[in-house]
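**Student:** Spelled out, the chains give:
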Amino acid sequence: ETGVTQSPTHLIKTRGQQVTLRCSSQSGHNTVSWYQQALGQGPQFIFQYYREEENGRGNFPPRFSGLQFPNYSSELNVNALELDDSALYLCASSSGQHEAFFGQGTRLTVV
Amino acid sequence: AQSVTQPDIHITVSEGASLELRCNYSYGATPYLFWYVQSPGQGLQLLLKYFSGDTLVQGIKGFEAEFKRSQSSFNLRKPSVHWSDAAEYFCAVGNNAGNMLTFGGGTRLMVKP
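First to last, the protein sequences are chains Y and B. Residue 1 is where the first sequence starts when you use my numbering, and the numbers rise one by one after that. Residue 112 is where the second sequence starts when you use my numbering, and the numbers rise one by one after that.
Because the hints were derived from the structure by calculation, they are not lab data. Every residue gets a Cβ at the ideal spot worked out from N, C-alpha and C, and that includes glycine. Be aware that a few hints might be false.
So, partial list: chain Y residues that the calculated Cβ filter (under 7 Å) puts toward chain B [as the list claims (entries may be wrong)]:
1) 42
2) 100
3) 103
4) 104
Input sequences plus hints: build the corresponding full structure.
**Tutor:** Below, the structure is given as structure tokens:
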């Protein structure tokens with residue numbers, strides 16, 4: 001069984017630009033969650049997708065948006081990037097009443 | 112609103128010594144509780160979880176944790192620490208589905224030879 005994979009692993013963007021991060025969920029998992037982890041802090045929940053619908057959202061502005069595809073893979077889009085968006089973005093997949101499994105993350109640097 | 116507090120930002124222990132990492136949570140119902148470990152620049156690996164039942168749960172790598180409802184705590188323990196245990200440890204509480212996790216700020220563990 002394949003694990004959760006994220007791409008790219010690292011990227012650098014300029015303030016004001018837009019970015020798309022990708023996540024392939026673990027085989028058999030229909031739920032994907034995204035987290036932002038700033039340096040030296042714990043991850044913060046951004047939103048969750050279940051069967052292609054947003055199923056819950058944390059305290060993040062609308063410029064953070066997402067998609068889930070029929071194969072349960074997912075994208076996180078961030079518009080109008082700010083310096084404070086620099087962080088490790090983690091994707092986690094799960095199924096039903098079971099624990100989430102995390103990918104290795106995408107390190108985003110905004111300059 | 113749910114929250115998680117990890118009071119110790121850094122802990123240093125000698126290799127072979129015992130370890131206890133503290134976690135206190137605030138949650139309105141029966142919580143789903145987790146401990147994750149993160150090596151530098153890496154994702155999160157699940158050590159153990161508590162959903163219901165026996166309040167002492169065993170995890171991977173020799174870790175265990177005890178759920179104490181009266182103290183709103185879920186402390187992580189290991190009887191003998193190995194140098195490879197040096198990492199960041201996160202406690203988290205989840206909603207009914209065990210997802211939409213709220214994490215604590217983490218405890219960085221250093222292991223002295």
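**Student:** For the hint on residue 42 (chain Y), does the least C-beta distance to chain B fall short of 7 Å?
**Tutor:** holds, 4 Å
**Student:** Hint validation: residue 100 (chain Y) versus chain B, beta carbon distance must be below 7 Å. Holds or violated?
**Tutor:** holds, 6 Å
**Student:** Using Cβ atoms only, decide whether residue 104 (chain Y) comes closer than 7 Å to chain B, and label the hint accordingly.
**Tutor:** holds, 4 Å
**Student:** Can you verify the interface hint for residue 103 (chain Y): is its Cβ closer than 7 Å to any Cβ in chain B?
**Tutor:** holds, 5 Å
The structure meets every hint from the earlier list without exception.
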